[in-house]
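A.B. asks: Use the sequences and the hints to build the structure in full.
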Amino acid sequence: MSLASFIKSRLVPAELEQQVNRIRKPIGSLGYDPWGYNNEAVKYGLALTKQIYEKYFRVQAHGVEKIPAKGPVLIIANHSGQLPIDGILIGYALASRKNSPRMPRAMIERFFPTVPWLGNLLNEVGAVLGDPVNCAKMLANEEAVIVFPEGIRGSGKLYRDRYELKRFGSGFMHLAMKYNAPIVPVGVVGCEETIPAIANIKPLAKALGIPYAPLALPVVLPAKVHLNFGDPMYFDDLEIPEEQVTERVEKVKAEISRLIDKGLSERKRLF
Amino acid sequence: MTQNRRPHILVTGAAGALAQQVIKQLRNHCDLVAVDFREQVYLGDDIPSYCIDFNKRVFEDLFRRYEFDGVIHLGRIMSSQLTRMRRYNANVLGTQKLLDLSLKYGIKRVVVLSTYHVYGAVAYNPALIDESAPLKSAGLSSDLIDSVELENLANIYLWRYPELNISILRPCNIVGPGVRNAMSTLLASQRAPVLAGFSPMMQFIHIDDMADAIVLAYKKPTRGVFNVAPQDWVAYQHALKLCHCKSLPIPSVPPILPAMILRTLKLRSFPSYLMAFFKYPVVIDGRAFANEFGFKPKRQLKDIFRFYKENKKPV
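Residue numbers (our numbering), protein chains in the order written: chain A, 1 to 271; chain B, 1001 to 1315.
Hints are all accurate, no fakes.
Calculated Cβ distances over 12 angstroms to all of chain B for the following chain A residues: (1) Ile52; (2) Tyr163; (3) Ser257.
Below, simulated BS3-like cross-link-like pairs (lysine-lysine); rule was C-alpha separation at most 30 angstroms, straight line: (4) B/Lys1104 x B/Lys1024; (5) A/Lys70 x B/Lys1296; (6) A/Lys8 x B/Lys1309.
Restraint-style ranges between C-beta atoms, simulated for each label pair: (7) B/Pro1255 x A/Gln60: 38 to 48 angstroms; (8) A/Ile198 x B/Asp1130: 43 to 53 angstroms; (9) A/Lys202 x B/Leu1265: 32 to 42 angstroms; (10) B/Asp1130 x A/Pro241: 24 to 34 angstroms; (11) A/Ser9 x B/Pro1249: 21 to 31 angstroms; (12) B/Ala1196 x A/Ala199: 29 to 39 angstroms; (13) A/Lys202 x B/Tyr1161: 50 to 60 angstroms; (14) A/Ile198 x B/Gln1190: 52 to 62 angstroms; (15) B/Tyr1050 x A/Leu208: 55 to 65 angstroms; (16) B/Glu1310 x A/Tyr163: 52 to 62 angstroms; (17) B/Lys1298 x A/Phe6: 29 to 39 angstroms; (18) A/Phe6 x B/Lys1241: 17 to 27 angstroms.
Honestly, the hints are just simulated from the structure, not real lab data. On a predicted model such as this, the values are computed, not experimentally measured, just so you know. Glycine included, every Cβ here is placed at the ideal spot set by N, Cα and C.
C.D. replies: Structure follows, in structure tokens:
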């Protein structure tokens, strides 16, 4: 046994490897897809996430089976907690579900590809630059795509604004309509408490070329996370004015808000 | 003119491995004339070969003498060769001359070889870029302007003179035996520079597959711009590993640092103006070409890399 396969056997349990192999992806001869997803990297990523998901954040996911087993689908959630932990946890919930697991793709901030190592790492485990063309091509490829329509407005918000939904972009709705993709709303509760920020140091963020620079403790707190998946929402692809598209976006936002409230009421304690 | 006159084709860039592969495929049923800007190459007694500057008046004599039906323009000087000014003269002005002559002498089919470099490597590139995407590379480096200008020129002629039946091909990295471009040199070397922390997705096409693509394109007169790339992808550093090529990391942040290092080192195979292509992915969508021309690459990535692994010092 080579050193690499020995390390792999220690890090990646056989059942997890089987689970990943079971998920069919349109990949090339060397295990990559055009966005940089890599089957081998995903195995390590999932093995690590399993620990974080089960032991650190002790995630409770309700209704993950509501995500269709195949076909294009948009998973729309509230964004929070400075780092994209919510995306990772939603992704793991779907990849690890018993029946028809899927490896979703998360749309990430435009700033990530410019960060050495991290950008490539995120791509390898399935994250993709949040560009409408990318999202469209993925839906055409029948992928499950995680989108946070609040973007950095959501992830960079301060602790005092927790669980307050910021403005939703409408790009996801246009894509859902065009590709006949159902929308599965998700309410994430707990990620707001992982890195509570009390201020955003804007000049520092500008100097570093990053979207925001939170003033927070340099640790990720082990808040208990609740994920509540809603019923799939279907929207027709009629040519409608932007005003009506916004109304549809508001409908999804209201559903996410309801799911957040559900999560908050279920939550017994913060940690 | 007899009914069964063999097609007369002008092939430019004859000194390159790709043109020679194309010539090999066409020589049995076409009358070919080979020209090159750089050197005269012997291609057998049946193929006249010239070393000629397209901007010289004698170039027109070839059109008068051989009565071409088609032109396969592969003689693009790569961005790693010659000075910026000479490249501009050869690639842009030379191509214009070639297209003007093609128009004057009633050429019915023109295939122009471009490159995926015209899309430009930027952090915000989506994957599977299609042919209608904007060409951003001119804004990134003045060394790539001639590539974009060549395309613009060919595009203007494409729409203004439909009778020329111009097809512009934008291939991904062409690699394989005999290829002397920057990427092939890197894969063939013992050690290749990488930007620390960046391993963009790349696409590679075997030179024989590319020659097949050019011949297919020549035979079917569909006008337009087409990406040419297989449906297979690999990260740059992974490709190096499969070629048994050690990575030589160059510090990548702040961005000014690698640019300074590369400008000082002046590596032919890793020039500073191509740096972005080793940092950000430019993944093109070759499906339109594959569907239109019935193109299916035959060589796998693994075979390509095995060649480089086994031929660390290619001829």
